[in-house]
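Chemist: Sequence:
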Amino acid sequence: MTSTGTETNLYRLYDVSGQLLYVGVTRSPVHVRLAAHRRTVWWAQVDSVAVERHSTWEKAHTAERMAIRTERPLHNIRSVTSSDIRELQRERGRVAQQGYEIRRKVLAERLTEGATQEEAQSDALEAERAHKEASGLFLSLR
Numbered sequence: 069m070t071s072t073g074t075e076t077n078l079y080r081l082y083d084v085s086g087q088l089l090y091v092g093v094t095r096s097p098v099h100v101r102l103a104a105h106r107r108t109v110w111w112a113q114v115d116s117v118a119v120e121r122h123s124t125w126e127k128a129h130t131a132e133r134m135a136i137r138t139e140r141p142l143h144n145i146r147s148v149t150s151s152d153i154r155e156l157q158r159e160r161g162r163v164a165q166q167g168y169e170i171r172r173k174v175l176a177e178r179l180t181e182g183a184t185q186e187e188a189q190s191d192a193l194e195a196e197r198a199h200k201e202a203s204g205l206f207l208s209l210r
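The sequence shown begins at 69 in our numbering and counts up one residue at a time.
Simulated from the structure, these hints should not be mistaken for lab results. Treat the hints loosely; a few may be bogus.
To be verified - DEER-style ranges, computed between Cβ atoms: (1) I153 - E177: 46 to 54 Å; (2) V100 - E159: 36 to 44 Å; (3) T124 - E155: 31 to 39 Å; (4) S150 - W111: 22 to 30 Å; (5) R95 - G204: 22 to 30 Å; (6) T180 - Q157: 20 to 28 Å; (7) R172 - V100: 51 to 59 Å.
Note that CB positions come from ideal geometry on N, CA and C, so glycine has one too.
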């Protein structure tokens, strides 16, 4: 599909189960814009594309913002609200505090068991890392 004049395409990318992955707009032909998405880590999930034509960029952009707000695509960064970010930060802080407490507990236990300081610290840090990683809120810490 091609855009002519001020016509703008709104596109939605779906996975095989129909889950909305991404919503975007482009004045370029959709296939040109999709070429840029092929570099994303989630591109392999894309199974289908739906395109809506809008007469102006403003109308397409308004429809895009509404779709992101109401349909909550998985990979649109703008679908994350500031309250979502604050909640994530609070949860990460809570998990980090728990990890610190786990590290202190494991360190004390391993020293009581007769482990060397180096062994105890290594085990304690591994326990903290495993806790944070299991939460899914931190990238792999290995």
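Chemist: If a hint holds in the structure, say so; if it doesn't, say that too.
Modeler: Going through the hints against the structure:
Judged by the Cβ atoms, the range 46 to 54 Å given for I153 and E177 is violated: they are separated by roughly 36 Å. Between V100 and E159 the beta carbon distance is about 39 Å. The supplied range of 36 to 44 Å therefore holds. Taken as a hint, the range 31 to 39 Å holds for the pair T124 and E155, whose Cβ atoms sit roughly 36 Å apart. S150 and W111 have their C-beta atoms about 28 Å apart, which keeps the hinted 22 to 30 Å range intact.
The hinted window of 22 to 30 Å between R95 and G204 is violated, with their beta carbons roughly 38 Å apart. The given range of 20 to 28 Å is broken by T180 and Q157, whose C-beta atoms sit roughly 35 Å from each other. Separation of R172 from V100 is about 55 Å and conforms to the stated range, judged on CB atoms against 51 to 59 Å.
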